[in-house]
Amino acid sequence: GAGVSQSPSNKVTEKGKDVELRCDPISGHTALYWYRQSLGQGLEFLIYFQGNSAPDKSGLPSDRFSAERTGGSVSTLTIQRTQQEDSAVYLCASSLALVWSPLHFGNGTRLTVT
Amino acid sequence: GQQVMQIPQYQHVQEGEDFTTYCNSSTTLSNIQWYKQRPGGHPVFLIQLVKSGEVKKQKRLTFQFGEAKKNSSLHITATQTTDVGTYFCAGVFTGNQFYFGTGTSLTVIP
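Chains as they are written, first to last, in this note's numbering: chain A, 1 to 114; chain B, 115 to 224.
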């Protein structure tokens, strides 16, 4: 079956512009996560959606970052007024959210802010 | 906040040598998962450990979960060039929130 799909795969934007990154999780997966990975670094948690519950936004680095998940499926991560330090790979993952289900990652969106 | 620390950050080994990466938490984990990320790829799930003192093997890979459920290790016997990548542990304290370690980047020299 299809895996987690992210688009675009690459995005180059000018400093100050807004960007939207999309994640289409595996069908039936109720949990969805966004992570950020800078070059050669680990995975930085951004936000977590679980079903209809309020999302865990504790990892969002600033109020320029926001995310939504429509209909319990597709999610969009929005970065407003992008800065150069936002340059990174943004990874989306989904899971069944059963106790201790593994995460299935997408291929990520590589964001470059010039 | 809750953190999972992972060491070493980098490891270079000759092909055929063994490799180990360690994860540590200051508080008890409910479970821990391990992921592998090949260069240019995304993390891929390897295994999950749940029970205190649990040991699991996958061919040349051995995973351990400490008795206190605060630490874990991944050991690769006789590394091969296909083992190259970054290995991450991801600890779960409560619920479904995953805290990833910083990763260990493994280079295997042929």
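Simulated from the structure, these hints should not be mistaken for laboratory data.
A portion of the hints provided could be inaccurate.
Claimed, not checked - Computed cross-link-like contacts, DSS-like style, restricted to lysine-lysine with a CA-CA straight-line distance of at most 27 Å:
no. : chain 1 : residue 1 : chain 2 : residue 2
1   : B       : 165       : A       : 11
2   : A       : 15        : A       : 57
3   : B       : 184       : B       : 165
4   : A       : 57        : B       : 150
5   : A       : 17        : A       : 57
6   : A       : 11        : A       : 57
7   : A       : 57        : B       : 173
8   : B       : 150       : B       : 173
9   : B       : 165       : B       : 150
Said to hold, decoys possible - Here are some chain B residues the structure puts well away from chain A; computed CB gaps all over 12 Å:
no. : residue
10  : 126
11  : 129
12  : 147
13  : 157
14  : 171
15  : 184
16  : 197
17  : 200
To be verified - Footprint (simulated), chain B over chain A, 3 or more residues, beta carbon under 8 Å:
no. : stretch
18  : 39–53
19  : 62–73
A quick note: this is a predicted structure, and the numbers were derived from the prediction, not measured.
Ideal Cβ placement from N, Cα and C applies to all residues, glycine included.
To see whether the hints hold, each was checked on the structure:
1. 165/B to 11/A: Distance of about 42 Å is beyond 27 Å: violated.
2. 15/A to 57/A: Roughly 24 Å separates the two Cα atoms, so the pair holds.
3. 184/B to 165/B: holds, 11 Å
4. 57/A to 150/B: Holds - the C-alpha atoms of residue 150/B and residue 57/A are around 26 Å apart, at most 27 Å.
5. 17/A to 57/A: holds, 22 Å
6. 11/A to 57/A: Status holds; Cα separation ~23 Å.
7. 57/A to 173/B: violated, 39 Å
8. 150/B to 173/B: holds, 15 Å
9. 165/B to 150/B: holds, 21 Å
10. 126: Holds, since 15 Å exceeds 12 Å.
11. 129: Its Cβ never comes within 12 Å of chain A, the nearest being 23 Å, so this holds.
12. 147: Residue 147/B not clear of chain A: closest Cβ-Cβ about 6 Å, inside 12 Å.
13. 157: The claim breaks: residue 157/B does not keep its Cβ more than 12 Å from every Cβ of chain A (closest is about 5 Å).
14. 171: holds, 18 Å
15. 184: Holds: least Cβ distance 17 Å, greater than 12 Å.
16. 197: Label holds. Min Cβ-Cβ 18 Å, cutoff 12 Å.
17. 200: violated, 9 Å
18. 39–53: With 7 residues close enough to chain B, the hint holds.
19. 62–73: Answer violated; 0 residues pass the 8 Å Cβ test.
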